[in-house]
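Trainee: Residue-level listing of the chains:
There are 4 protein chains.
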Amino acid sequence: MAETREAPAKKTRIGTPTCDINRLLFRGKDTLNELVGKISFTEGVFLAVTGKMPSPQQVKILDACLVVLMDHGITPSALVTRLVADTVPADIQVSMAAGLLTIGNKFMGTIAGCGALLERGIASGLPAEQWAADIVAEYQRTKRRFPGFGHPDYFPVDPRTVRLFQVAEEAGVSGRYVRLVKTLESEIERQGGRRLPLNATGAIGALLCEIEFPVAAMRGVAVISRTAGLLAHALEEQETGTAWPITQMVMKAIPYDDAP
Amino acid sequence: MAETREAPAKKTRIGTPTCDINRLLFRGKDTLNELVGKISFTEGVFLAVTGKMPSPQQVKILDACLVVLMDHGITPSALVTRLVADTVPADIQVSMAAGLLTIGNKFMGTIAGCGALLERGIASGLPAEQWAADIVAEYQRTKRRFPGFGHPDYFPVDPRTVRLFQVAEEAGVSGRYVRLVKTLESEIERQGGRRLPLNATGAIGALLCEIEFPVAAMRGVAVISRTAGLLAHALEEQETGTAWPITQMVMKAIPYDDAP
Amino acid sequence: MAETREAPAKKTRIGTPTCDINRLLFRGKDTLNELVGKISFTEGVFLAVTGKMPSPQQVKILDACLVVLMDHGITPSALVTRLVADTVPADIQVSMAAGLLTIGNKFMGTIAGCGALLERGIASGLPAEQWAADIVAEYQRTKRRFPGFGHPDYFPVDPRTVRLFQVAEEAGVSGRYVRLVKTLESEIERQGGRRLPLNATGAIGALLCEIEFPVAAMRGVAVISRTAGLLAHALEEQETGTAWPITQMVMKAIPYDDAP
Amino acid sequence: MAETREAPAKKTRIGTPTCDINRLLFRGKDTLNELVGKISFTEGVFLAVTGKMPSPQQVKILDACLVVLMDHGITPSALVTRLVADTVPADIQVSMAAGLLTIGNKFMGTIAGCGALLERGIASGLPAEQWAADIVAEYQRTKRRFPGFGHPDYFPVDPRTVRLFQVAEEAGVSGRYVRLVKTLESEIERQGGRRLPLNATGAIGALLCEIEFPVAAMRGVAVISRTAGLLAHALEEQETGTAWPITQMVMKAIPYDDAP
Chain A
7 MAETREAPAK KTRIGTPTCD INRLLFRGKD TLNELVGKIS FTEGVFLAVT
57 GKMPSPQQVK ILDACLVVLM DHGITPSALV TRLVADTVPA DIQVSMAAGL
107 LTIGNKFMGT IAGCGALLER GIASGLPAEQ WAADIVAEYQ RTKRRFPGFG
157 HPDYFPVDPR TVRLFQVAEE AGVSGRYVRL VKTLESEIER QGGRRLPLNA
207 TGAIGALLCE IEFPVAAMRG VAVISRTAGL LAHALEEQET GTAWPITQMV
257 MKAIPYDDAP
Chain B
7 MAETREAPAK KTRIGTPTCD INRLLFRGKD TLNELVGKIS FTEGVFLAVT
57 GKMPSPQQVK ILDACLVVLM DHGITPSALV TRLVADTVPA DIQVSMAAGL
107 LTIGNKFMGT IAGCGALLER GIASGLPAEQ WAADIVAEYQ RTKRRFPGFG
157 HPDYFPVDPR TVRLFQVAEE AGVSGRYVRL VKTLESEIER QGGRRLPLNA
207 TGAIGALLCE IEFPVAAMRG VAVISRTAGL LAHALEEQET GTAWPITQMV
257 MKAIPYDDAP
Chain C
7 MAETREAPAK KTRIGTPTCD INRLLFRGKD TLNELVGKIS FTEGVFLAVT
57 GKMPSPQQVK ILDACLVVLM DHGITPSALV TRLVADTVPA DIQVSMAAGL
107 LTIGNKFMGT IAGCGALLER GIASGLPAEQ WAADIVAEYQ RTKRRFPGFG
157 HPDYFPVDPR TVRLFQVAEE AGVSGRYVRL VKTLESEIER QGGRRLPLNA
207 TGAIGALLCE IEFPVAAMRG VAVISRTAGL LAHALEEQET GTAWPITQMV
257 MKAIPYDDAP
Chain D
7 MAETREAPAK KTRIGTPTCD INRLLFRGKD TLNELVGKIS FTEGVFLAVT
57 GKMPSPQQVK ILDACLVVLM DHGITPSALV TRLVADTVPA DIQVSMAAGL
107 LTIGNKFMGT IAGCGALLER GIASGLPAEQ WAADIVAEYQ RTKRRFPGFG
157 HPDYFPVDPR TVRLFQVAEE AGVSGRYVRL VKTLESEIER QGGRRLPLNA
207 TGAIGALLCE IEFPVAAMRG VAVISRTAGL LAHALEEQET GTAWPITQMV
257 MKAIPYDDAP
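Chains as they are written, first to last, in the working numbering: chain A, 7 to 266; chain B, 7 to 266; chain C, 7 to 266; chain D, 7 to 266.
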């Protein structure tokens with residue numbers, strides 16, 4: 007029943023398949039001779055996304071962003087991974103993937119939201135103060151929230167933001183996105199009448215802009231980073247078995263009550 | 007309706023939640039002062055899984071393993087990510103997680119299978135040749151396949167295996183697992199009558215044993231590694247739109263035919 | 007280490023846990039005596055979502071919607087399920103769940119989009135013609151697409167829409183949402199200058215409005231429906247093994263080409 | 007760049023794609039004229055899996071199985087769906103799919119385990135008592151657990167099993183699998199010295215055997231069934247917001263403690 011048919015006129019610029027036995031290429035590099043044993047995984051992530059090898063400065067920033075988001079204890083993502091790890095213990099990729107599904111707009115998706123906003127600010131060509139004044143007025147009028155600002159636990163500053171900006175300064179990044187986001191933070195406080203600290207995801211959005219990491223890929227940094235923490239939670243679940251006591255505790259805490 | 011209830015007598019050794027505002031710890035380290043800006047993400051992965059900081063040698067090996075598996079072009083995992091990225095474009099974590107679900111026993115799950123086998127070999131205390139002779143005889147008798155051996159495209163050697171072992175030698179790893187897996191490869195050929203080359207996942211299983219990375223976490227290395235490639239595929243899908251032509255091509259290639 | 011702690015003041019109105027051994031309730035009904043052996047699964051779906059038992063008319067409509075979306079051959083959802091079923095064969099829930107992740111805004115998510123639009127139309131209190139004229143003008147001005155209209159294969163009508171509306175008429179539904187969506191279809195053609203047929207998802211959106219199925223749950227109908235088709239694809243994959251030939255075909259059709 | 011290529015010599019027996027505009031077939035039936043408006047979704051599930059239309063008796067049994075597993079309150083699956091629904095609220099298919107990932111061997115996967123065992127028993131051709139005596143002795147010797155037996159909350163009987171068997175009797179199923187599983191239950195008690203009641207998943211495994219539903223598809227019944235409950239939990243989560251209080255409660259209950 008095999009017949010010939012037209013193939014889609016498409017190509018990929020990412021990598022060669024293993025069946026292409028005469029060359030093993032990834033983003034134009036010889037995988038075995040130029041990459042394996044030569045570059046770090048973080049350099050590989052940058053290369054995968056941008057098609058270019060990063061500078062040491064870019065690596066330093068990307069590593070800091072990947073390290074800071076690895077884990078925050080028993081988060082919703084960790085909880086989901088633990089519950090699935092308990093029921094599908096042999097396939098750790100399933101529990102890790104399930105936990106990653108929680109990285110939505112509410113939590114780490116704000117990285118890209120903040121990054122996109124800052125790109126818009128730089129693209130406007132306006133002085134930082136003027137752009138910030140305009141955008142804050144616009145958001146106030148339309149009652150929109152700024153992605154990457156505010157945190158339930160950290161006030162008046164998010165200590166992770168402080169540290170990330172310190173790393174950026176040490177690395178010598180140019181800093182125009184960092185300056186812009188700080189201007190925005192001040193303007194939000196000025197117009198809003200109360201401080202709303204730039205949180206870690208907002209800071210990461212600014213830093214990823216600094217290293218020319220595309221906005222469309224920014225949430226992916228959270229995904230990659232969190233895999234490390236979720237792997238640890240899946241393993242700990244297999245050792246300590248928290249899923250069942252957690253379920254029982256929640257079951258009792260949320261009783262069935264059908265009264266209207 | 008709030009009442010008090012008994013909590014599970016459990017604890018976590020991974021990290022503190024953000025609500026623990028006076029300390030931000032990960033595996034006993036001060037996250038902001040000891041980790042962010044100080045360690046690479048690869049070091050973070052090792053720390054997350056083992057609770058210990060890796061030696062430079064261990065980092066070199068883990069980086070090589072993470073880099074070699076990032077991508078192999080249009081694999082089933084990349085295909086799944088592309089199809090989901092086309093339908094859920096705004097939430098890149100969903101398409102990445104979907105692609106990760108393919109990392110089962112058939113493909114990269116063999117890393118842990120090979121690692122577990124080698125650990126058993128070392129634990130046996132037997133000379134490598136004797137253990138290999140016994141285990142190959144046992145597998146032949148029970149018609150089981152050796153995880154991490156054989157490849158549809160690479161023969162007589164998997165070039166990735168060659169390169170990974172070269173990196174290991176340069177890094178100066180002790181090599182007892184590498185020697186054991188090579189002995190096993192020879193013995194499989196001797197008893198089986200034909201060569202079945204150690205593939206990249208088998209080599210990674212051996213190398214992760216060398217750096218004391220636990221078997222239970224080995225498949226997680228494939229998960230973390232592949233996130234980099236899948237992020238690139240999700241982004242490329244948004245630029246080039248391959249999902250629809252792929253679906254149409256497959257639709258035509260697999261016609262409906264209800265005849266018995 | 008067990009201590010007491012405050013529980014969230016929350017409750018669930020869905021069902022009792024199995025540990026509540028003296029009663030097994032679901033939505034206020036005695037599960038074993040009022041539901042099992044007494045109602046169909048479709049009635050159960052309606053009860054689960056709305057908390058009420060459906061009328062025979064509502065069941066007829068919901069069944070028609072669930073049946074029509076079960077399968078459309080080798081769709082992206084079926085393709086994803088087949089690729090995952092090949093790599094994780096023992097856990098059929100993983101391949102089914104992976105396939106369900108494709109039910110995004112692009113495909114079946116338009117059910118709820120259309121349903122929400124029609125609810126807005128009815129809530130406006132305006133005559134159908136006037137509301138349709140206004141909303142079409144608004145969408146034209148803002149270049150938005152109407153969810154549930156247009157189809158790459160079906161023109162000038164989607165035969166599924168025709169059949170679904172026939173079933174609704176036979177069942178004797180009141181028809182105000184059906185009339186509204188038909189008015190909208192005419193108005194889109196009138197103002198747009200070309201016919202854009204109401205497709206099956208748009209028709210389902212209208213019918214689910216007719217039976218008072220909440221808009222927030224409408225996409226769930228597609229999820230439930232498609233599980234039946236995806237189960238069949240997962241099983242067929244295990245018998246016929248299409249994943250590997252598909253991957254090879256796509257691999258060849260999308261070559262690696264790094265030229266700018 | 008389009009070229010011709012060889013397609014895999016494969017076909018599907020499930021359904022036609024929408025691009026096949028002259029016929030819309032599903033399992034050999036005319037979808038619009040023979041299925042939509044004519045059959046229930048439960049009949050559709052049976053048809054999808056087996057390729058045959060079920061008898062009224064088979065429908066009654068399949069409906070009872072689908073209804074009994076829809077929900078059990080705050081289970082791990084419901085918990086996962088709630089956590090994901092909170093973070094990805096707009097895409098209900100993501101939270102439903104995440105919850106389905108928990109249907110592993112530990113919980114509902116035992117349906118197929120029990121079904122496979124009973125098929126083996128019938129295939130043996132031995133009298134029920136003799137087969138049960140042999141298999142229980144074998145499992146005792148190898149310390150294996152019988153899938154579908156025992157329950158943390160229900161003793162000495164699982165009331166769901168009682169009701170399901172009552173439904174089966176009313177429906178007039180032949181009962182050879184039911185008799186076999188009851189014989190097995192007695193033998194487990196006799197040889198083990200204590201009662202281990204046949205639970206709902208075991209009973210469902212037996213009933214699905216009775217209606218000739220293939221073992222490979224049995225876990226899929228749990229997947230389909232649970233989608234109804236998970237849809238309800240995703241919706242309730244959006245109304246009541248339990249994810250955050252649950253996370254906080256668990257966070258406090260499982261403190262970070264790095265002491266060895």
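The set of hints was computed from the structure by calculation and includes no laboratory data. Note that the structure is predicted; figures quoted are calculated from it, not measured. Check each hint, because a few of them may be wrong.
All copies of an identical chain are treated as equivalent in the list; a pair is satisfied when it fits inside any one copy or across any two copies.
Under the rule of at most 25 Å between Cα atoms (straight-line distance), these lysine-lysine pairs were calculated in the DSS-like manner [as the list claims (entries may be wrong)]:
{"hint": "1", "residue 1": "Lys-17", "residue 2": "Lys-44"}
{"hint": "2", "residue 1": "Lys-35", "residue 2": "Lys-188"}
{"hint": "3", "residue 1": "Lys-188", "residue 2": "Lys-112"}
{"hint": "4", "residue 1": "Lys-44", "residue 2": "Lys-58"}
Trainee: It remains to establish, for every hint, whether it holds in the given structure.
Mentor: How the hints compare with the structure:
1. Taking identical chains as interchangeable, the C-alpha atoms of Lys-17 and Lys-44 are never at most 25 Å apart, the minima being 27 Å within one chain and 39 Å between chains.
2. For the homomeric pair Lys-35 and Lys-188, neither the shortest alpha-carbon distance inside one copy (38 Å) nor that between copies (29 Å) is at most 25 Å.
3. Taking the closest pair of Cα atoms, Lys-188 and Lys-112 come within 25 Å of each other only inside a single copy of the chain (22 Å); across copies the shortest separation is 38 Å, beyond that limit.
4. Taking the closest pair of Cα atoms, Lys-44 and Lys-58 come within 25 Å of each other both inside a single copy (15 Å) and across two copies (24 Å).
Comparing the model with each earlier hint shows violations of hints 1 and 2; every other hint is respected.
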